[in-house]
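Starting from the known structure of chain U, fit chain A onto it as the hints suggest.
Taken in order, these protein sequences are the chains called U and A. Read in the UniProt record's numbering, the first sequence has 153 at position 153, and its numbers run on one by one without any break. Read in the UniProt record's numbering, the second sequence has 274 at position 274, and its numbers run on one by one without any break.
Calculated from the structure, these hints are not laboratory results. Please read all numbers here as calculations on a predicted model, not as lab measurements. Take the hints with a grain of salt, since some may be wrong.
Some residues of chain U that are not near chain A, with every Cβ distance over 12 Å (derived) [claimed, not checked]: (1) Gly16; (2) Leu62; (3) Thr173; (4) Asp288; (5) Ala373; (6) Ser421.
Some chain U residues well away from chain A (every beta-carbon gap over 12 Å; in silico) [to be verified]: (7) Val168; (8) Glu226; (9) Asp381; (10) Arg606; (11) Gly673; (12) Pro680.
Here are the simulated SDA-like pairs of lysine to any residue, each with C-alpha atoms no more than 25 Å apart in a straight line [claimed, not checked]: (13) A:Lys27 to A:Val178; (14) A:Lys99 to A:Ile314; (15) A:Lys27 to A:Val49; (16) A:Lys40 to U:Pro183; (17) A:Lys40 to U:Asp23; (18) A:Lys99 to U:Arg606; (19) A:Lys27 to U:Thr113; (20) A:Lys99 to A:Glu315; (21) A:Lys40 to U:Arg255; (22) U:Lys224 to U:Arg255; (23) A:Lys99 to U:Glu658; (24) A:Lys40 to U:Gly673; (25) A:Lys27 to A:Asp194.
All C-beta atoms in this analysis are idealised placements derived from N, C-alpha and C, irrespective of residue type, glycine included.
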Amino acid sequence: MSTPTRRVDAREKVTGAARYGADRTSPDLAHAVFAVSTIGKGRVVNVDTAAAEAVPGVLTVLTRIDPAELGSPGFVMGGGYGFQSLQPLTDDRIAYRGQPIALVVADTLVAATEAANLVRAEYEAEPVTSDLDAEGAETLVQEEAIPLPFLADIVVGDADAAFAGSAVRIEETYELPRQHQVPMELIGGVVEWRGDTLVVHEGTQNAGALRGGLAKQLGMDPAKIEIIAPYTGGGFGQKNSLQPHVGPLALAARRLGRPIKFVMPRTQTFHQASFRPASRHLVRLGADETGRLLAAVHEVDQQTSRHDLFPSMSTEITSRLYGIGHFRGRQRLVRTDVQTPGFMRAPFEHPAAFAFESAVDELAYAVGQDPVALRLANDTDVDPVTGQPFSSRYLAECLRRGADMFGWAGRTHEPRSMRASDGSRIGWGVASGVYPASVAPAVARLTATSEGKVTVGVDGHEMGQGIRTAITLLISEDLSVGVDDVTVDVGDTRVAPQHLTAGSWGTATALQAVHAALRELRKHLNVADSDPVDVGAAVAATGQTSVEVEATTIAPGQPPEIIERSRAGLVAFAGPVYPGFTAFSFIAHFVEVRIEPTTRRIRVPRVVSVADCGRVASPVTAASQVRGAVVWGIGASLRERSEVDPRFGGFANATMEEYPIPVNADIGEIEVGFVDKPDPMLNPVGVKGLGEVAMVGVAAAIGNAVFHATGRRLRRLPIRIEDVL
Amino acid sequence: MRPFSYAAPATLAEAVTALAESGPGTKILAGGTTLYDLMKLDIEAPPAVVDIHRLAEIAAVDTTRPGEFSFGAGARMADVADDPVVRRDFPALAESLAKAASQQLRNMATVGGNLLQRTRCGYFRGGPVFPCNKREPGSGCSALGGLDRGHALFGGGDACVATYPGDWAIALLAFDAVVDVIGPRGARTVAIADLHVEPGDTPQREHTLAGDELIVRIRVPVTPSGRGSTYHKIRDRESYAFALVSVAAGVAFDDRGVVEDCRIALGGVATRPWRAPAAERVMIGERLTEATARRAGEVAFAGARPGTGNAFKIELGVRAVADALRIAGERAVR
Numbered sequence: 001m002s003t004p005t006r007r008v009d010a011r012e013k014v015t016g017a018a019r020y021g022a023d024r025t026s027p028d029l030a031h032a033v034f035a036v037s038t039i040g041k042g043r044v045v046n047v048d049t050a051a052a053e054a055v056p057g058v059l060t061v062l063t064r065i066d067p068a069e070l071g072s073p074g075f076v077m078g079g080g081y082g083f084q085s086l087q088p089l090t091d092d093r094i095a096y097r098g099q100p101i102a103l104v105v106a107d108t109l110v111a112a113t114e115a116a117n118l119v120r121a122e123y124e125a126e127p128v129t130s131d132l133d134a135e136g137a138e139t140l141v142q143e144e145a146i147p148l149p150f151l152a153d154i155v156v157g158d159a160d161a162a163f164a165g166s167a168v169r170i171e172e173t174y175e176l177p178r179q180h181q182v183p184m185e186l187i188g189g190v191v192e193w194r195g196d197t198l199v200v201h202e203g204t205q206n207a208g209a210l211r212g213g214l215a216k217q218l219g220m221d222p223a224k225i226e227i228i229a230p231y232t233g234g235g236f237g238q239k240n241s242l243q244p245h246v247g248p249l250a251l252a253a254r255r256l257g258r259p260i261k262f263v264m265p266r267t268q269t270f271h272q273a274s275f276r277p278a279s280r281h282l283v284r285l286g287a288d289e290t291g292r293l294l295a296a297v298h299e300v301d302q303q304t305s306r307h308d309l310f311p312s313m314s315t316e317i318t319s320r321l322y323g324i325g326h327f328r329g330r331q332r333l334v335r336t337d338v339q340t341p342g343f344m345r346a347p348f349e350h351p352a353a354f355a356f357e358s359a360v361d362e363l364a365y366a367v368g369q370d371p372v373a374l375r376l377a378n379d380t381d382v383d384p385v386t387g388q389p390f391s392s393r394y395l396a397e398c399l400r401r402g403a404d405m406f407g408w409a410g411r412t413h414e415p416r417s418m419r420a421s422d423g424s425r426i427g428w429g430v431a432s433g434v435y436p437a438s439v440a441p442a443v444a445r446l447t448a449t450s451e452g453k454v455t456v457g458v459d460g461h462e463m464g465q466g467i468r469t470a471i472t473l474l475i476s477e478d479l480s481v482g483v484d485d486v487t488v489d490v491g492d493t494r495v496a497p498q499h500l501t502a503g504s505w506g507t508a509t510a511l512q513a514v515h516a517a518l519r520e521l522r523k524h525l526n527v528a529d530s531d532p533v534d535v536g537a538a539v540a541a542t543g544q545t546s547v548e549v550e551a552t553t554i555a556p557g558q559p560p561e562i563i564e565r566s567r568a569g570l571v572a573f574a575g576p577v578y579p580g581f582t583a584f585s586f587i588a589h590f591v592e593v594r595i596e597p598t599t600r601r602i603r604v605p606r607v608v609s610v611a612d613c614g615r616v617a618s619p620v621t622a623a624s625q626v627r628g629a630v631v632w633g634i635g636a637s638l639r640e641r642s643e644v645d646p647r648f649g650g651f652a653n654a655t656m657e658e659y660p661i662p663v664n665a666d667i668g669e670i671e672v673g674f675v676d677k678p679d680p681m682l683n684p685v686g687v688k689g690l691g692e693v694a695m696v697g698v699a700a701a702i703g704n705a706v707f708h709a710t711g712r713r714l715r716r717l718p719i720r721i722e723d724v725l
Numbered sequence: 001m002r003p004f005s006y007a008a009p010a011t012l013a014e015a016v017t018a019l020a021e022s023g024p025g026t027k028i029l030a031g032g033t034t035l036y037d038l039m040k041l042d043i044e045a046p047p048a049v050v051d052i053h054r055l056a057e058i059a060a061v062d063t064t065r066p067g068e069f070s071f072g073a074g075a076r077m078a079d080v081a082d083d084p085v086v087r088r089d090f091p092a093l094a095e096s097l098a099k100a101a102s103q104q105l106r107n108m109a110t111v112g113g114n115l116l117q118r119t120r121c122g123y124f125r126g127g128p129v130f131p132c133n134k135r136e137p138g139s140g141c142s143a144l145g146g147l148d149r150g151h152a153l154f155g156g157g158d159a160c161v162a163t164y165p166g167d168w169a170i171a172l173l174a175f176d177a178v179v180d181v182i183g184p185r186g187a188r189t190v191a192i193a194d195l196h197v198e199p200g201d202t203p204q205r206e207h208t209l210a211g212d213e214l215i216v217r218i219r220v221p222v223t224p225s226g227r228g229s230t231y232h233k234i235r236d237r238e239s240y241a242f243a244l245v246s247v248a249a250g251v252a253f254d255d256r257g258v259v260e261d262c263r264i265a266l267g268g269v270a271t272r273p274w275r276a277p278a279a280e281r282v283m284i285g286e287r288l289t290e291a292t293a294r295r296a297g298e299v300a301f302a303g304a305r306p307g308t309g310n311a312f313k314i315e316l317g318v319r320a321v322a323d324a325l326r327i328a329g330e331r332a333v334r
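Isolated chain U, as found in the complex (with noise of 0.2 Å):
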């Protein structure tokens, strides 16, 4: 037994041997497609689908879905398990460009195309509003429109008057744009009818709520559909739950009887499911001459469609950065017309921590502090919103050992002062970023063999994060069994609830189940908690060929009944904020970046990034996690706006080659370094969340790097060339 070198899922990825949902196929396998909108608002008046349907091998074309037949599947964030709560094809309104108007079904891929250009539709429009200032945006108070506790705004002390008493004060607005996840996995996969079971093979980080949803949707028994996703090609939230062109599909196949496959086209993953949602962040810091932070306030307005209210949960972390005595937040959201946003890797953190961590960082030069010392000289072990210790926090060994290992001492503080061999600006930037640790319920089911095979099936999603290898190296090290004799199935309505993965809980969630599975297991092996053992052998010992254990596990302070929402499909997770303490994961991120002297390309060089995720279950995958974060967040400072005209609504560069994710040679070195200590109080694997932190601060750290090269702060995203010149 040795830690592997490699992902265990690593070899099947990279020969085409793992199985995504849209590689299933069938000889009777038919193809759909959707023929959208071209309005960005309004009513669609008549749909003329002669000509789609006069398509050689086209078998039906949908337009109007009873609401009787398929009901609304609910939002996610409402109670509900859908992406928005609207079902495109049930009604004559059109709430945003790109929403489907029919479906099309074909006995090829070719003719589906073909004919959903074909379809042919009648409007009456209405006008779009798509920016946070356009006419017709309506602005609500979050905590007034969505009355649960979670999403109040924070408030501790008196924010604004411990502002106005600070003698350096820190006001500014930031802001940053709608972007798109962009996984490389596209939506879709194949649903099909096995008697009068549905089964859906589709990528994503919620089979849980596929299932739920789509037994609400169809008026359906959940124990007669099945959800198999044992592999999910990137979600980084897109995936993140029931997304409306399943429950058509499954009434089309259900009426062709035959098995549907839909892939959908990479433009339409920019309008058919979420995205980030654009914010405005506003953000004063009080603090004293030596920049000890007495005040802060952090209001946001954040973009929503008509038909839900996504929250905004960004000052849950700015209130946690630093030990700030007064805090106050405000998050408004503003309507405007086009799918519900959602959650996109960090989805409220990285555009708060770009926002308040920029501000620190202007803090740190208006009182001359070095921004490394000004933070640690800030940092807290207290939760200074609720009083209670943080399970564990070392964000201020992740500066100090970032700081070591970038050369930190080597920056001289002064904006434009330098400057590389070849005339290019040089900026040394950081940024803190902070997450919460939460963790959802699960199931873990195990079996060990006689042979020394172990198999889990357990909550969980493998979307690239490498959950599959970290629960293969908790059995391969508890057990002794090499990785090679470890099965992992997860994904999988068949053997677990599946719980929505996100929020960076998914490894936490799923070791603390796999692990309290191991101790049955080893009561039921009579073998004591910390011994070595023969798994074989002692399965043997029992007389029987193999042993199957099961283990449910909550978050701390859960109700044990929440394992019920868990299989209803429903959100379920706790944290961070847990009965005697509080949880984040912390990481801190040192950025350089060179601009060149004349064309003033911005490039980055090198990143140093140091995570404090608990203790480190799986090396090489947090590794890559971390880097992965960190080209995340290149991107998201430096290149990607999805971008609108707002006489059209939609999005106008919704293809890969004009949505300008970093490529390769956008790409230095990044170096990773992690505290690994387990946290205590979380669960007994010591796990903390690590997928979202990574990416948390790196935004910032960047800003803040350009304003050191540059002497220009620019508090707008994505900052680009022209803002440069």
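Showing chain A alone in chain U's frame:
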């Protein structure tokens, strides 16, 4: 995608016959990297396609003849970009290909087809949602008053401001290349400067070739300024992106170190490949300094007409010209 007829002639002569016999709207298929793309978007819907990608007789590259390089239209972009002689004697040509698209696309796309690639204007490619005079003559131009960060500063008008997207043609234009064309009415030679047209009132018309004419080869005169050349491309990411601004520049010095030949052509900023002769004249007879290079850049962009979101490309372009001249000058034989 719509049904279409398909022919794959085995020889150039057969290809000419196939094109002569085909009806209006027939498209020539070479690497397929643009045509297939536009057919999938339902923007091109040709009734017939003549596939020339296997015609070896138009794929040869010849860099051995004195005074002229010849590139068969069917040569792959990647092969020409990697050709050691081209890289040594004409870096601007090699770089213009190497900095285009992605390796996978360059492996397929041909140097002939590349010349006629269509604009990447999002309103053109976005389909019927957006009025577009190039796609649907008379419907209007959505880029006017719209998202025009990538649009033209030169050669546009009320009908269209879409940018010519290519890199290769920019470099060829700087060095006075010509294209040999064949068709049912015989062979002819067209200067690259006369190949593309400004949109005027007919933005759907992008070049001067007839529908049944085929580019056979591209010929480029070899000059000292070819060796002292670069293709300097500024874009939003370092690969797989079209130019915000690009500059093909070439410089040759006399024995006193004075510029005796200068070539400047601009990409990413005009509706067609754009030569900057006035800027070239600024340099002739001068020494190449930061100041003269900057002055050439300013002259190159003197007549720019920006829209709402692309004015920054004027200053960026001025600087890109200056940088390109510096890089070219460093490579020139002194």
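How the hints compare with the structure:
no.	hint	result
1	Gly16	17 Å, holds
2	Leu62	21 Å, holds
3	Thr173	21 Å, holds
4	Asp288	41 Å, holds
5	Ala373	35 Å, holds
6	Ser421	16 Å, holds
7	Val168	34 Å, holds
8	Glu226	34 Å, holds
9	Asp381	42 Å, holds
10	Arg606	16 Å, holds
11	Gly673	27 Å, holds
12	Pro680	44 Å, holds
13	A:Lys27 to A:Val178	22 Å, holds
14	A:Lys99 to A:Ile314	21 Å, holds
15	A:Lys27 to A:Val49	5 Å, holds
16	A:Lys40 to U:Pro183	21 Å, holds
17	A:Lys40 to U:Asp23	22 Å, holds
18	A:Lys99 to U:Arg606	23 Å, holds
19	A:Lys27 to U:Thr113	21 Å, holds
20	A:Lys99 to A:Glu315	22 Å, holds
21	A:Lys40 to U:Arg255	29 Å, violated
22	U:Lys224 to U:Arg255	17 Å, holds
23	A:Lys99 to U:Glu658	16 Å, holds
24	A:Lys40 to U:Gly673	45 Å, violated
25	A:Lys27 to A:Asp194	21 Å, holds
In summary, the numbered hints that this structure violates are 21 and 24.
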